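Enquirer: One letter stands for each residue in the lines below.
Number of protein chains: 6
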Amino acid sequence: MMRAVNLIIHSFMACLLSSAHAINPEPLLDYCIADLSSPYTFNGPPCKDPNLATPDDFATSALSKPGNTSVGKFGSSVILTTYQNLPGHRTQGLSMARIDIAPNGLVPPHSHPRASEVTTCLKGEILVGFVGASNNELYTQQLRAGQIHFLFNLDEKRPSWAVSGLSSENPGAQIVPLSTFTSKPPLPDVVLKKAFKIDGQEVARIRQRLEG
Amino acid sequence: MMRAVNLIIHSFMACLLSSAHAINPEPLLDYCIADLSSPYTFNGPPCKDPNLATPDDFATSALSKPGNTSVGKFGSSVILTTYQNLPGHRTQGLSMARIDIAPNGLVPPHSHPRASEVTTCLKGEILVGFVGASNNELYTQQLRAGQIHFLFNLDEKRPSWAVSGLSSENPGAQIVPLSTFTSKPPLPDVVLKKAFKIDGQEVARIRQRLEG
Amino acid sequence: MMRAVNLIIHSFMACLLSSAHAINPEPLLDYCIADLSSPYTFNGPPCKDPNLATPDDFATSALSKPGNTSVGKFGSSVILTTYQNLPGHRTQGLSMARIDIAPNGLVPPHSHPRASEVTTCLKGEILVGFVGASNNELYTQQLRAGQIHFLFNLDEKRPSWAVSGLSSENPGAQIVPLSTFTSKPPLPDVVLKKAFKIDGQEVARIRQRLEG
Amino acid sequence: MMRAVNLIIHSFMACLLSSAHAINPEPLLDYCIADLSSPYTFNGPPCKDPNLATPDDFATSALSKPGNTSVGKFGSSVILTTYQNLPGHRTQGLSMARIDIAPNGLVPPHSHPRASEVTTCLKGEILVGFVGASNNELYTQQLRAGQIHFLFNLDEKRPSWAVSGLSSENPGAQIVPLSTFTSKPPLPDVVLKKAFKIDGQEVARIRQRLEG
Amino acid sequence: MMRAVNLIIHSFMACLLSSAHAINPEPLLDYCIADLSSPYTFNGPPCKDPNLATPDDFATSALSKPGNTSVGKFGSSVILTTYQNLPGHRTQGLSMARIDIAPNGLVPPHSHPRASEVTTCLKGEILVGFVGASNNELYTQQLRAGQIHFLFNLDEKRPSWAVSGLSSENPGAQIVPLSTFTSKPPLPDVVLKKAFKIDGQEVARIRQRLEG
Amino acid sequence: MMRAVNLIIHSFMACLLSSAHAINPEPLLDYCIADLSSPYTFNGPPCKDPNLATPDDFATSALSKPGNTSVGKFGSSVILTTYQNLPGHRTQGLSMARIDIAPNGLVPPHSHPRASEVTTCLKGEILVGFVGASNNELYTQQLRAGQIHFLFNLDEKRPSWAVSGLSSENPGAQIVPLSTFTSKPPLPDVVLKKAFKIDGQEVARIRQRLEG
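Residue numbers (the working numbering), protein chains in the order written: chain D, 1000 to 1211; chain V, 1000 to 1211; chain G, 1000 to 1211; chain S, 1000 to 1211; chain Y, 1000 to 1211; chain A, 1000 to 1211.
To be clear, the hints were calculated from the coordinates, so they are not data collected in a lab.
Certain hints may be false.
Stated by the list, open to error - For the chain V half of the interface with chain G, some residues (derived, Cβ under 10 Å), not all of them:
id, residue
1, S1037
2, Y1039
3, N1042
4, G1043
5, K1047
6, D1048
7, P1049
8, P1158
Note that the coordinates shown come from a computational prediction; the quantities given were computed from them, not determined experimentally.
Idealized CB from N, CA, C, for every residue including glycine.
Okay, chain D solo, but in the shape it has when bound (with noise of 0.2 Å):
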């Protein structure tokens, strides 16, 4: 038995997708800007002397342009605040993202391992949907949000975009049909036929369709 919630936001109504919980390092520091020219990584990039920080460490206007919708193969982009442009929000523990949508366009079900998400839509009509984790004899009793979750501009005419705060530095996403059907190596065909249920053909003509 599985439980979703589907709804639809417009112009300014925030709206909550529950996900993995915020990871993040606690600080230590005030601040800490992200020094991606350093070799080593300890669960994430070290800090650059904070005397040569500077205002522009803690700004940035990646988010100020509509993103390309026309790229990829869902009619959607987002575009999110990271180390490359905004070095100051390393372990801040927080991101912020732009989601834009073209007419029809879709944010394919997928989950962020690292964070929870509230969007608001600042332009246009977006069907929001979270699919609940599958119950088993464990959770019966309980109705839980999932992380699987997408976002659908209902609008054939016009592109909608929202905002996104999501709680970690460094979210992370992982699109289920691209997780499952592209990946390189990819998934055996017959672990996707006994999951969906579909036959060699069918795997083939979906990965197909994802990669052509």
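Knowing the structure of chain D, use the given hints to seat chains V, G, S, Y and A on it.
Expert: Only chains V, G, S, Y and A this time, still in chain D's reference frame:
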């Protein structure tokens, strides 16, 4: 010796305000709908029976309308997602805020005891500043962004507004001038006199203006 | 671009399945016996009066017998230590699972929102695979193991079984094909069609086979 | 509406100063001796080769002598255990402070971004106060102790001193009057004028007295 | 191969005792006054209605008088701040202890399951020691300070005393000789005989002396 | 007053050993392959370039063969997954152990400073016990499971073995008799004499037997 960082953000430039680290309970349920009717508080309200959850628990229109900037003393308004308006975000480790600032209005210097913040200016030109913690012999090597920060609408004619993500479900806020001069009971005059190097009349005058 | 890792484990080879980070409350008591009779849920059940604890609260035979792999659609069974069968593990941050897989049976692609996993094959030959998260411009430098993983019994004649440690008292599980195709209410067809690049008939067929 | 708590502690009465939650990395080594010679900072200095550790790394006499209360503007001195004087406390999540206050001296209102604090008065009579965070519609049901706190030596003739435990290896400190009036670069006058409801001359006067 | 660190601390030398990492819930309220009358325990007592908080909830004189070192078998006394004597420190992640040791008295080898400790000798000369964990092939590269530590008053004539900060609101303590030889029910003799390489008579003798 | 819990587990009964809470860094990468060649240690080894990861980094046969129970003094062997034999489990918050015990062999009383443990007996009959922490006035209301635990093979003829999950990537272990009697440098005799109420000859004898 002190350090401060001031920068101007305009339309859709994200700005990081470094504050205390996100403080959140680690969820053991896929989600928790805050049950505000419970007599018990264990580091926040308990969870409602998940079987009673509805899509409404995951969406809010609290941020959809501009806040009233004529209330209060500083020409600004902050509306936050909360257990009350978005019950589903209990244990999700994240909130979202809408900040409206009247022309030349101010969100006064304040800090969030339990959250980092990323602010995105959606309209207008906002001066954002944060002050570094006082240096002492422990930290002489470091410039440190502080928690005390403010937002000021540089535009003398038009309101501006912004969206913030905060990395706690209950970030808290402590507004410096109110905390120091208008607490009840008040801080002893001798403390304020010695702290700000002002005399009793100045203490009384500031108090009266902030309270009056 | 995606990455996947497939490997075969046989008798008593341990295999790490990287999943979301363990999510657990930090205990303030030497232990907590889950009190499932309580009407309250605060990030899990409350603790029983510790004076009523007995050795039984710390042991379980739930894993002692093979699970029934003929129930369900994939020829596999997963039995987990839980508050119900091992009350003493509340707040201990760990569970253990017994996985039985029929000949050519499958534990379908799934993820654990709140736990890492280490699996030890005790009998037979199991193909274990996990898929890397989709790369985007944030992560181009990194190969990342994902959370979506599966186990497949390569042996056509004999069952195999394994033991897993999971780093959460309540790891959760989200089985990809069921989450996407058999949730209730269902994900809108348009979403599945666009996500998997299949038509409505294929959506219906997959759904029916997984539900039927 | 604000709330403040003022209380007097004398010889060996412990007093809790509620501040931000302890922020510490979770150690994976039994200990870590801070290696201050390393060019890298990953949320703090790296660990020295443990084989080079000596008993000296775990003891300090930094707190053995009274601090000089005639330096600085407030007639008080705070000495903290640090990586420098107690290298072994890296990753231990705790520091200890010695606080000396001259007759009628003041530890001005300040907050610790990363630590709770328990203060124990060892000699004299100290007025300890902390201010509650400003209430807004989110918190109207709650009195909340704040982070901004101060210590004042009520004795006009004799110095007093105290010991504090702080729940972080690097608690940080932000002294309100210095953060607001003497940062470099300074907060814009307009911000201070609007925040404290004072005119430009008052801003200049306070600044000069605190800096002079 | 084992390692131990012994050092002498005298008047006001701080000494770090490395123990398990602080284990605390992350507070979502500015504070929580422990409500010991509640029937429920969720990783500690719930919070009282904050509106009922008083200054008394934040101060205690529990540490003001020397403990009675003639009670117990080791000539020492440890008094800790607790929910009972300092209700306001619930969820603050910190306690403070007063340790009194009679001439040649001992705080026997013990460990704190949930806290690091920093001890400051206020009077006398105390030998502080802690034992490194046993090395095995996993850790041959590392010297590791352990959790098992003791304090011994080297002075044969005068009592000494110290203050400790502990980085948990409920650090716990496990005194090695009592845990191994005087538990109820007792550890099986065979276990103690094999563990300490002693015979049954020695087991009985030690037990009797520690219990008698 | 002490409490202990002893119970017998046989074939495939899981038994919880409550120890300190899992202590792990919160990962910000989907995984981290321990780079043991690095000169730096920041709460554990850094991560290898993820592009160099191979399936081998996620699997180990270290647990596939019985450990040698004739080495060491107690007739038991514990083999753990480590950075060395399973590099991919760095930052995963979990290890797995294989425990082999000769007839009437003992895993002596010990504690894990950084992990909870769940043990599953795969063959034979093992007596598992853990001792409650000593009670003092803080905890009189509570029975508390302790960290000090042991495993004893009740079978006089056949070896037994078990698998444990431990909730840390580096749980650590401190074996009580070795920590107290065979550390280098040794604990002062006076401490052991007073702690265990034995005389100097008994201290010497126990030491010699455990070291010899």
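Enquirer: The structure should be examined with respect to each hint, and the outcome stated for every one.
Expert: Here is how each hint holds up against the structure:
About 7 Å separates the beta-carbon of S1037 of chain V from the nearest beta-carbon of chain G, less than 10 Å, and the hint is met. Nearest Cβ of chain G to the Cβ of Y1039 of chain V: about 6 Å, under the 10 Å cut. The hint holds. The beta carbon of N1042 of chain V is positioned within 10 Å of a beta carbon in chain G (closest approach about 8 Å), and the interface hint is therefore held. The beta carbon of G1043 of chain V comes within 8 Å of a beta carbon in chain G, closer than 10 Å, and the hint placing it at the interface holds.
The interface hint given for K1047 of chain V is met, as the beta carbon of that residue sits about 9 Å from the closest beta carbon of chain G, less than 10 Å. Taking 10 Å as the C-beta cut-off, the interface hint given for D1048 of chain V holds, the closest approach to chain G being about 8 Å. Because the closest C-beta pair between P1049 of chain V and chain G is about 8 Å apart, less than 10 Å, the hint holds. Interface hint status for P1158 of chain V: violated, as the beta-carbon distance to the closest one in chain G is roughly 34 Å, over 10 Å.
Of the numbered hints listed earlier, the single one contradicted by the structure is hint 8.
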